[in-house]
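Asker: For reference, the chains in residue letters:
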Amino acid sequence: KAGVTQTPRYLIKTRGQQVTLSCSPISGHRSVSWYQQTPGQGLQFLFEYFSETQRNKGNFPGRFSGRQFSNSRSEMNVSTLELGDSALYLCASSLATGVGTYEQYFGPGTRLTVT
Amino acid sequence: AQSVAQPEDQVNVAEGNPLTVKCTYSVSGNPYLFWYVQYPNRGLQFLLKYITGDNLVKGSYGFEAEFNKSQTSFHLKKPSALVSDSALYFCAVAGNKLTFGGGTRVLVKP
Numbered sequence: 001k002a003g004v005t006q007t008p009r010y011l012i013k014t015r016g017q018q019v020t021l022s023c024s025p026i027s028g029h030r031s032v033s034w035y036q037q038t039p040g041q042g043l044q045f046l047f048e049y050f051s052e053t054q055r056n057k058g059n060f061p062g063r064f065s066g067r068q069f070s071n072s073r074s075e076m077n078v079s080t081l082e083l084g085d086s087a088l089y090l091c092a093s094s095l096a097t098g099v100g101t102y103e104q105y106f107g108p109g110t111r112l113t114v115t
Numbered sequence: 116a117q118s119v120a121q122p123e124d125q126v127n128v129a130e131g132n133p134l135t136v137k138c139t140y141s142v143s144g145n146p147y148l149f150w151y152v153q154y155p156n157r158g159l160q161f162l163l164k165y166i167t168g169d170n171l172v173k174g175s176y177g178f179e180a181e182f183n184k185s186q187t188s189f190h191l192k193k194p195s196a197l198v199s200d201s202a203l204y205f206c207a208v209a210g211n212k213l214t215f216g217g218g219t220r221v222l223v224k225p
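So the sequences go chain by chain: A and B.
Everything in the first sequence is counted per our numbering, starting at 1 for the first residue and increasing by one.
Everything in the second sequence is counted per our numbering, starting at 116 for the first residue and increasing by one.
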């Protein structure tokens with residue numbers, strides 16, 4: 001079974017631009033979560049989608065948004081990029097919502113660099 | 116609010132020696148605890164989890180973790196470390212989302 005895939009793997013953007021990252025979950029998985037990983041802040045939860053609905057949201061500004069499609073694929077968008085948005089963005093999928101019950105499987109991440 | 120602490124930024128161990136990576140947690144209610152490992156330029160890989168039951172949980176690649184409710188700890192252990200175990204290790208607690216510790220870098224020297 002194919003794992004979680006994320007595209008693109010690497011991205012360089014300029015301050016003020018916007019960016020869209022894509023995540024394809026493992027086949028049959030209906031929950032997708034997004035995380036931001038930086039050296040200073042570590043791994044921080046962005047949001048979770050299940051059945052095309054946002055279930056949980058972390059403490060990030062409204063510039064960070066996401067959506068999930070009927071095939072469970074998910075996208076996250078960051079508008080008006082800031083230098084501090086440079087990070088590794090990780091997507092994780094699980095069978096269903098409920099992180100305590102269902103293991104999350106992570107993709108390789110998208111490395112975003114904002115200049 | 117739930118939280119996880121990994122008190123050591125880095126752990127150095129010689130190959131063949133026991134490896135321990137420490138984790139303490141704070142959560143209301145019963146804890147759901149996880150360990151993940153991250154290799155360079157890779158996403159996180161699941162190692163093991165504690166939901167309920169035996170306090171000693173066995174996971175992938177020879178790793179195990181000991182749940183201690185009184186000390187609110189969930190330390191990761193491996194009896195004999197390998198050079199290939201060198202990586203970044205994360206402890207996490209689950210509520211309505213996964214909350215990760217800051218990570219511990221493990222360096223296993225030949």
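Quick caveat, the hints were computed from the structure, so don't treat them as lab data.
We put the beta carbon where it would ideally sit given N, CA and C, even for glycine.
Careful: at least some of the hints might be erroneous.
[As the list claims (entries may be wrong)] Derived CB-CB ranges, DEER-like:
no. : chain 1 : residue 1 : chain 2 : residue 2 : range
1   : A       : 27        : B       : 141       : 29 to 39 Å
2   : A       : 18        : B       : 133       : 43 to 53 Å
3   : B       : 171       : A       : 115       : 47 to 57 Å
[Claimed, not checked] Stretch-level coverage of chain B by chain A, calculated; a stretch enters the list once three of its residues show a Cβ under 8 Å from a Cβ in chain A:
no. : segment
4   : 196-206
5   : 210-221
Asker: Of all the hints numbered above, which does this structure not satisfy? Sort the numbers upward.
Answerer: Checked against the structure, the only hint that fails is number 4, while the rest are satisfied.
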